[in-house]
Amino acid sequence: MNVIHRERQERLFAAMADEGVDVVMSWGNAWQCDYLRYVSDYSVLEGDAIAVILIDGDLHLIVEGETEAGRARAKCPGATVEAADDLVEAARRYLAKLGNRQIVTAPRTLLPYGLAPENLDRAAADGTDLLDRLLMTKSPAEIDAMRRATEMADAGYQVFRDAAKPGVAEFELVAEIEGYFREAGSPENFMILGSGGQEVRGMHPAGERRLREGDLVTTELSPCVDGYFSQICRTLVIGEPSRVQQDAFQVYIDAMNAGFSVLKAGVTASEVAKAENDVFRDYGLEEYTTSEYTRVRGHGLGLFLDTKPHILEDVDIVLEEDAFCIVHPNTYHPVAGYMVLGDAALVTKDGYRTFSSTPAELLSTAG
Amino acid sequence: MRRGLLSWSETEVPPAVLEDRLARLRGHMANEGLDALLVYTNFPRPAAVSYLTHFVPYWSQGMLIVPPDGAPVLAVSLSKRVSNWIRETAHVSEIINTPNLGKELAANLKSGGHIRVGAVELNRLPGAVINGLEAEYPDIELIDSTALYQDFRATADETEIALSRRAAEIARTALALARPGGAPVQADILSAIERSARMAGCEEILIDVAEDLAADGRFRRLDGPTTFRDRYAVRLSVAYKGHWVRLARSFDQRWPEDRAKELEAHIASAAGSADTSGLPGFSTGPIGLEACIGTLPLQSIIKPAAGQVVSVNRTWHDEGGAWLASDPVLAGPDGKNARPL
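Heads up: the protein sequence lines correspond to chains A and B, in order. According to my numbering, the stretch in the first sequence is residues 1 to 367, in order. According to my numbering, the stretch in the second sequence is residues 1 to 341, in order.
Calculated directly from the structure, the hints in this document are not laboratory data. Being a predicted model, the structure only gives us computed values, none of them experimental. Please note that the accuracy of each hint is not assured.
To be verified - Below 25 Å or equal to it, Euclidean Cα-Cα: the simulated DSS-like pairs (lysine-lysine) are:
no.	chain 1	residue 1	chain 2	residue 2
1	B	Lys80	A	Lys274
2	B	Lys80	B	Lys110
3	B	Lys103	B	Lys80
4	A	Lys274	A	Lys264
5	A	Lys349	A	Lys274
6	B	Lys303	B	Lys336
7	A	Lys308	B	Lys103
8	A	Lys264	A	Lys349
9	B	Lys110	A	Lys308
Construct the entire structure; sequences and hints are all you get.
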């Protein structure tokens, strides 16, 4: 067992013992598998999967189909792996074998209808909070993985910057980045982008649009090391930035700095979001901090790229020491178009530590 | 979650094809006496909604509400600012943006007077959504319509065949980069495979490897640096415009070129039929079949239906270890006598 998973298991079994839990059943899929990976060290590539772990370490994995089962058996030789056509029925059968043990399930947002606690024919409590506490605060090995993922994001951004040229299609740009991340050993990456001018309202998966001189090209890159995602958000101008673009971008620099200025162990996600949004308010741009134009002002990072807490003014989750998050005041600017800027950071007792080395400024292909 | 190109070409996927699929689905719904059908979509389970609308989500989740007539409604947990992108890449008219899918589904179905409502893969839908729907609309009668959808989905139309064939071409070109050359194959070749497929416009490519078939005849997910031994295999799962195929080949760096070519010819000719799966000098192992019959892009099936696009996964063994291959095929009218895509 690798160091990182040994640390996870020690923390998981201690938490289970503290709460009198005998069994954790976690669900994950190819999009979000943080709860599943935490208990099993397994990230599903296709479909959905269930991990059932007993406090003595016995692990049972249920996946959809033989293709995924083959991957699971290769990755988790110590686990029993079941390939099921009907994941829900397979899980129900397995739970029935566990007698009267105390079972918790997680996460409540992903559990399928057939396995929701109210639809089970046996008692199972919600274990989402138990696992959330473990997921949010990182161990030393987890922090090291996050650091390496952040460095990989920096290197990936440099590839992005070098490849972004007039005439290159969005999907060709993505091909270069994904090729690089594959070479660098990142098994996953989440990437969206936007290109164009004042008319661009957000980022999306790559299309066929070709870059032009003067475009703002926004992207967030989210590579992964040992299952842990970091992220970088930057805005690149194709050619020389205009005065309008530079002036507009100052808002984002000020907002990100404001968010970081309050970030430390013990603050709430709300306080960080308010610090960012106050900058937009000071510039008379409060409207652009709403859900009409933006989603979140940052979010947690770890085994999922968009994990708790979401940095929003109505989220009162406390950021603990050794949490990892990104501060990104990404939103639409009415004069320049959609702009992004964000860095990932480790929350420390007195502040934060970022491992990113890419300049936090409006970048340009002109140099 | 490595999405590549997501775009809609009306030349490749004409709106009339999507409308024809919808009309056929409604025929199945009418036979079952359904007032409406719910079809779920998220990142790992995009296939059913993609087949009906061309919409592939890169984030969050959604549900397509198919009423007995009129335009379907796509309810998504994505903000309104994403709706323009959805309209550019999919054939949908009404989009509901909501953080609370269950509540919005209830409101829509209730206002339409739809009580007997089918749901594809009901048990696997998110409990938070379905329990929310039932709480808001206690009179609803939810029916598992998985089998109904599978019946509807089995036979491929010309558009599906063309898009699957394009996915197979992309995969073949990329996989050719894994062939042994003058120098031993190393992990950087996988980066070239990824680039090749994405430059050709694929939506997604998953890469599995079996680095040393002499020691372990199983594919594993590529999740970091790797070193290939003498006998190895690479499997690509490639999506193009919502249609997925698997293609896998084994290689032995010690073999002369004519031996490799001879084996490849046998594998290619065997791809279409379980009856001709023999490989000279090898014993035959299990055969697995996969097709798109629900929300998953590919899932295991027991037997191909007539005219179905199927990925056939094969294993052979000799004294040197396992030999693996996967090929996408189009099943014949009797479900057999398939031809390679």
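Tested hints:
1. B:Lys80 x A:Lys274: The given pair, whose Cα atoms are some 23 Å apart, holds under the 25 Å limit.
2. B:Lys80 x B:Lys110: 23 Å, holds
3. B:Lys103 x B:Lys80: Holds. B:Lys103 to B:Lys80 sits at ~17 Å (cutoff 25 Å).
4. A:Lys274 x A:Lys264: Roughly 14 Å between the alpha carbons, so the hint for A:Lys274 and A:Lys264 holds.
5. A:Lys349 x A:Lys274: 20 Å, holds
6. B:Lys303 x B:Lys336: At roughly 9 Å apart (the allowed maximum being 25 Å), B:Lys336 and B:Lys303 satisfy the hint.
7. A:Lys308 x B:Lys103: 23 Å, holds
8. A:Lys264 x A:Lys349: Within the cut-off at roughly 6 Å; holds.
9. B:Lys110 x A:Lys308: At roughly 34 Å apart (the allowed maximum being 25 Å), A:Lys308 and B:Lys110 break the hint.
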